[in-house]
Amino acid sequence: MIDWQALGVFSALFLLVTVLGFVAAHWRQGDLGLLHEWGLGGRRFGTIVTWFLLGGDLYTAYTFIAVPALVFGSGAIGFFALPYTIILYPFALVTMPRLWSVARAHGYITPADFVRGRYGSHWLALAVAVTGIVATMPYIALQLVGIQVVLAGMGIQGDLPLIIAFAILALYTYFSGLRAPAMIALVKDTIIYLTVLVAVIVIPIRLGGFGSIFAAIPAGKTLLAPSQYWAYATLAFGSALALFMYPHSITGVLASERRQVVKRNMALLPAYSFLLGVIALLGYMAIAAGVQPSPAYGAQWAVPGLFSAMFPSWFAGFAFAAIAIGALVPASVMSIAAANLFTRNIYTAYFRPRATNLEESNVAKTVSLVVKAGALAFIVFLPTAYAINLQLLGGVWIIQTLPAIVLGLYTRWFHRGALFAGWAVGIACGTWMAMQSGLKSSTFILPLGAQGVPGYAALWALIANLIVVVALTLVFRAVRVPVGSDETEPHDYREERARRPVPELRREPVAPLGQPARLL
Amino acid sequence: MARSSADRGRRSHGWGYLLLLLPFIALLAVSTYNRQAPDLGGIPFFYWYQFLWVIVTAAIMVVVFRLTD
Numbered sequence: 118m119i120d121w122q123a124l125g126v127f128s129a130l131f132l133l134v135t136v137l138g139f140v141a142a143h144w145r146q147g148d149l150g151l152l153h154e155w156g157l158g159g160r161r162f163g164t165i166v167t168w169f170l171l172g173g174d175l176y177t178a179y180t181f182i183a184v185p186a187l188v189f190g191s192g193a194i195g196f197f198a199l200p201y202t203i204i205l206y207p208f209a210l211v212t213m214p215r216l217w218s219v220a221r222a223h224g225y226i227t228p229a230d231f232v233r234g235r236y237g238s239h240w241l242a243l244a245v246a247v248t249g250i251v252a253t254m255p256y257i258a259l260q261l262v263g264i265q266v267v268l269a270g271m272g273i274q275g276d277l278p279l280i281i282a283f284a285i286l287a288l289y290t291y292f293s294g295l296r297a298p299a300m301i302a303l304v305k306d307t308i309i310y311l312t313v314l315v316a317v318i319v320i321p322i323r324l325g326g327f328g329s330i331f332a333a334i335p336a337g338k339t340l341l342a343p344s345q346y347w348a349y350a351t352l353a354f355g356s357a358l359a360l361f362m363y364p365h366s367i368t369g370v371l372a373s374e375r376r377q378v379v380k381r382n383m384a385l386l387p388a389y390s391f392l393l394g395v396i397a398l399l400g401y402m403a404i405a406a407g408v409q410p411s412p413a414y415g416a417q418w419a420v421p422g423l424f425s426a427m428f429p430s431w432f433a434g435f436a437f438a439a440i441a442i443g444a445l446v447p448a449s450v451m452s453i454a455a456a457n458l459f460t461r462n463i464y465t466a467y468f469r470p471r472a473t474n475l476e477e478s479n480v481a482k483t484v485s486l487v488v489k490a491g492a493l494a495f496i497v498f499l500p501t502a503y504a505i506n507l508q509l510l511g512g513v514w515i516i517q518t519l520p521a522i523v524l525g526l527y528t529r530w531f532h533r534g535a536l537f538a539g540w541a542v543g544i545a546c547g548t549w550m551a552m553q554s555g556l557k558s559s560t561f562i563l564p565l566g567a568q569g570v571p572g573y574a575a576l577w578a579l580i581a582n583l584i585v586v587v588a589l590t591l592v593f594r595a596v597r598v599p600v601g602s603d604e605t606e607p608h609d610y611r612e613e614r615a616r617r618p619v620p621e622l623r624r625e626p627v628a629p630l631g632q633p634a635r636l637l
Numbered sequence: 029m030a031r032s033s034a035d036r037g038r039r040s041h042g043w044g045y046l047l048l049l050l051p052f053i054a055l056l057a058v059s060t061y062n063r064q065a066p067d068l069g070g071i072p073f074f075y076w077y078q079f080l081w082v083i084v085t086a087a088i089m090v091v092v093f094r095l096t097d
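Protein sequence lines correspond, in order, to chains A and B.
According to this note's numbering, the residues represented by the first sequence are 118 to 637, in order.
According to this note's numbering, the residues represented by the second sequence are 29 to 97, in order.
Check before you lean on any hint, since a few could be wrong.
Claimed, not checked - Just the calculated beta-carbon pair ranges, DEER-fashion:
| id | chain 1 | residue 1 | chain 2 | residue 2 | range |
| --- | --- | --- | --- | --- | --- |
| 1 | A | L133 | B | R94 | 34 to 40 Å |
| 2 | A | A332 | B | S59 | 23 to 29 Å |
| 3 | A | A545 | B | S59 | 28 to 34 Å |
| 4 | B | F93 | A | G150 | 33 to 39 Å |
Note that these hints are calculated values from the structure, not bench results.
Even for Gly, the Cβ is constructed at its ideal location relative to N, Cα and C.
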C-alpha cells in the first residue's frame, strides 16, 4: 500500500534537489568544457562546501541502511563502523594534504595521474585507475539499493521509480559536474542531521529510554565475544586505510581550494562519524521496537521499518528523502571520479594522447552516463547480492593501491615494478581469501597460532602486498632495474597553493593568431 | 631567518603528529573497552566510550592543526 503523505513530502524534496542539480551548473561559474572544471568543480570549494561534499560523499545512503542492518542482525560487531570512521581522519590528516599539494602543483585530477607523474610508469597508473573504476562500480550500484529500500518503505515497488531517479541524477551530473553533488549535499546533509536528531530524541522516549532499548537486545549481542576482537579491530583499521583510496574520496579532497581546507575538514568531518554512530544504534532501536526483517530486504529493512513504525507519515517521508537524496550525492561523485579516471588514465593515456581539453571533458561526461547506466542495469537485472559481494571485493581491491599512492607521497625509494607486483599479489591474495567464505564475510582466518587469527581480508592482503613491495624493491635496486622518472619535487608536497599556473590546459589547441593562449 | 622558522615548524610537526596515534591505540585495543559497566544513562560502556573518542579525536586534530600550521 502506498503511503501518499510520505510520498508527497518525499517527492517535494526530491524535486527541490533536482532543480538545484541543474542550477548548480551556474554556481561559481567556470568553463565546463575543461575537465578540472567539470570533474573537480574548478578546485574552488572552501571549508564549508568541502565539509558537506565530503560528508555527503563518504557517508553514503547505503551506509545509513547497511550499518544499522548489521547491528540489527549481528549486534556489536556492526559497530566497527564507528572506530573505522574515527581513525580514518588522523590517517587522512597526515596524508591527504600532501596529495592535495602535489596534485595542485602538477594539475593532477586522479590518484592515477599522481602515480604516473611520481613513478613515470603508465602501467602502475593503469593498475591504479582500473582498480579505482572496478571498485567504484558496485559501490554506485549499492546506492541504488539504498533508494530501493526507502521507496519500499513508502510502499513503492518496481524498478521504474528507480530508473527515473537515476536518469535525473545522470542528467544533472552530465551538465553540472561536481558542482551538482556539492550543492545537493548542502540540502541532503541538513535533512539527514535533522532526521537523526529527531530520531535519537523521539524514538528512545517512545521506547522507554536507552536502558530498556539495550535490555530488549538478546543477551550477548551488545558486547563482542573475545573471538571477535581481531575482526573488529582489523575491520576498523583496514576500512579506514581503504576509504581515502577510493576515487570518489580523492575527488572530494582535490576539489578543495586550499591545503588548509583539507586539513581543517579532517578535524570537522568526525561530526558525521558521531551521526553514523547514532544511526548504527537505530539497529538496536529497531529490535526494541519489534521491527521484523522483511522478506524482500531482510535486515536492511531495519531503518525503514523503524521509521514507519515510530514517525508520523509526513516525517517518515522526510527521513526517507534524506536517505534517497543521500544516495544521489555519492552516486554522482563516484560516477564523476570513475569518469575522470577513465578519461585521464585510459582514454587520453592510451587512445587519444592528443585529445583537446574539450574532447577530454566530453568523454568524461559521457562516461559518467555510461557508468550510471551500468550500475542501474546491475541492480535491475541481477540479484542485489551480486552488488554487495562485489562491493566487498571492491574494498579488498582498492586498498591494494595504497602502497603506490600513500607511500609515494613520502618516498621514492619503492620501485615501480615492485609496487606493481605487490598490487597484483594483493589483489590475487585478497580475492582468494574473500572467496574462501563464499563472499559471505569479509573476514579471513589467518592460520597463525592454535586458533588462527580472524581478520579483515583486505588488511591481510595489504600486508602480503607490502612484503612483496619491500622484497622486490631490494631486488630491483640491487640489480639496477631502471627506476623511472619522477616529475615531482620535494617542495611540491608542501605547497599551500599553486606556485605557477596549474598546467590544466597543456593540450589547448593552437591559440588564434596574435592572441596569447589563455592560461587560467 | 627563513630557515630558522622552517626548522621550528618541523620540530613542532614531530611531536604534534604523535598525538594522532592515540585514537588508533585507544580504539584498536578492543579488549580494553568491550565492557558493560559503567553504563551511561543505560548505554553500555562499549558504546559511549567509542562515541567519546569521536570528540577526543576531533579535539586532537584541532590541536595538531594549530601546532603544525
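The hints, checked one at a time:
1. A/L133 - B/R94: 34 to 40 Å: holds (38 Å)
2. A/A332 - B/S59: 23 to 29 Å: holds (24 Å)
3. A/A545 - B/S59: 28 to 34 Å: Once the Cβ atoms are compared, 33 Å apart, the range 28 to 34 Å for B/S59 and A/A545 holds.
4. B/F93 - A/G150: 33 to 39 Å: Since the Cβ atoms of B/F93 and A/G150 sit about 37 Å apart, the hinted range of 33 to 39 Å holds.
The structure is consistent with each of the numbered hints, conforming to all of them.
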